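Enquirer: The residues making up each chain are set out below.
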Amino acid sequence: MLIVNALILAVTAVRVVVLIQRTQPPGASLQDLWTVAVFLPLTIVHVAEWSAALFCFPIIASTIGVEWFAGKRSTFAAADAMSAVTLGFLTLVKISAWPLALVLVVTS
Amino acid sequence: MTTWFLFGAIGAWLAAGQSPLNIGPFLGLGFEVIAGYKNGMNLWGSSDLAAVFFVAAPLVPIVALLARFPPSRINESSGCIVLAVILMQLFQSAFVRSGTYHIISNGLAICALVPVLFAGVLSDRKRVSALPAVSMPQRQLSW
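Quick mapping for you: the protein sequence lines, in order, are chains A and B. Numbering-wise (the numbering used here), the first sequence opens with residue 1 and increments by one. Numbering-wise (the numbering used here), the second sequence opens with residue 1001 and increments by one.
Think of the hints as simulated: they come from the structure by calculation, not from any bench. Treat the hints loosely; a few may be bogus.
Unchecked claim - Computed footprint of chain A on chain B, listed as stretches where at least three residues anywhere in the stretch have a Cβ under 8 Å from a Cβ of chain A: (1) 1077-1088; (2) 1107-1114.
To be verified - Partial pick of chain B residues on the chain A-facing surface, computed with a CB cut under 8 Å: (3) Trp1004; (4) Leu1006; (5) Gly1008; (6) Ala1009; (7) Gly1030; (8) Leu1065; (9) Phe1091; (10) Ser1093; (11) Gly1120; (12) Leu1122; (13) Asp1124.
Every value quoted in this text rests on a predicted model; they were computed, and no experiment measured them. Ideal Cβ positions, reconstructed from N, Cα and C, are used throughout, including at glycine.
If we strip away everything but chain A, and leave its shape as in the complex, we get:
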């Protein structure tokens, strides 16, 4: 479970880096800093049953939504495939994400 959690967090971090590369906001060269800014609030979550990995679904989905919003929907890369697989796995784990998963599948 620890390995799966680490993998989910790693994929989410990669997805945030890809978002920064595609959107090119100020400080885009500091991609790691943007990723840390995303993950920092989740380090405060101390309830054992809610690991940070459970919140990776909304983060990954929001990166996808923001890219669509900003017109940065470029070619489908390996990072997109990895994040889609991760979303599929997290859908099994987090029932509350089902409506969002449905919206993502339909709109994609």
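Assemble chain B onto chain A, guided by the hints.
Expert: The following block gives chain B in isolation, referenced to the frame of chain A:
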């Protein structure tokens, strides 16, 4: 994307040793749980001040995103729907049970989303064009 999504979901299901025949009952029970959450929200009192801040916090960058990128095409509009559903889901998770730790955990998840939203607002290093978009909802929020 849908193909990879289904690959992840079905692959994880099979890797967990579950029979494909059990997918139907699992979905049925899952939707019952979702309906329970939905019904729980009907009992929620709207006077909770934390809920107001919870909604207001992500609204700032989302309104800024709308100001920066007025959705004109279907692709862009679908991005707006995705973000709205994310926020609704976090709101529901935070307030359907109304426990302090539920509110804090989901509030922190909102905080985690804010850099992602601002990356969109500030895309292509458009600092100048983004500033009015950010300041407008902030001013409305302060009112």
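Enquirer: In terms of beta carbon proximity below 8 Å, does the stretch 1107-1114 of chain B have 3 or more residues touching chain A?
Expert: Holds: 5 residues of the stretch 1107-1114 of chain B have a Cβ under 8 Å from chain A.
Enquirer: Less than 8 Å between beta-carbons is the criterion; does B:Gly1030 satisfy it with respect to chain A?
Expert: Given a least distance of 5 Å, the restraint on B:Gly1030 holds.
Enquirer: Does the nearest C-beta of chain A fall within a distance shorter than 8 Å of the C-beta of B:Leu1006?
Expert: 6 Å, holds
Enquirer: Does B:Leu1065 pass the interface check with chain A, least Cβ-Cβ distance below 8 Å?
Expert: It holds, given that the least Cβ distance between B:Leu1065 and chain A is near 6 Å, below 8 Å.
Enquirer: Against chain A, run the beta carbon of B:Asp1124 and see if the smallest gap drops under 8 Å.
Expert: 5 Å, holds
Enquirer: With chain A as the partner, please determine if B:Leu1122 meets the hint condition of a C-beta pair closer than 8 Å.
Expert: Nearest chain A Cβ about 4 Å off; hint holds.
Enquirer: Would you check whether B:Gly1120 satisfies its interface hint, that is, whether its CB is within less than 8 Å of any CB in chain A?
Expert: OK, holds: B:Gly1120 within 8 Å of chain A, min 4 Å.
Enquirer: Is the interface hint for B:Phe1091 satisfied, with its Cβ closer than 8 Å to some Cβ of chain A?
Expert: Hint on B:Phe1091: violated, closest Cβ of chain A at ~11 Å, above 8 Å.
Enquirer: Min Cβ distance, B:Ser1093 to chain A: is it shorter than 8 Å?
Expert: Cβ of B:Ser1093 sits 6 Å from chain A, so the hint holds.
Enquirer: How about B:Gly1008: closest beta carbon in chain A under 8 Å, or not?
Expert: Result: holds, 3 Å to nearest chain A Cβ.
Enquirer: Can you confirm whether chain A covers the stretch 1077-1088 of chain B, using C-beta to C-beta distances below 8 Å and requiring at least three such residues?
Expert: Since three or more residues must qualify, the claim that chain A covers the stretch 1077-1088 of chain B holds, with 8 doing so at under 8 Å.
Enquirer: B:Ala1009 was flagged as interface toward chain A. Is the shortest Cβ-Cβ separation under 8 Å?
Expert: 4 Å, holds
Going through the hint list in order, the structure does not satisfy hint 9, though it satisfies all others.
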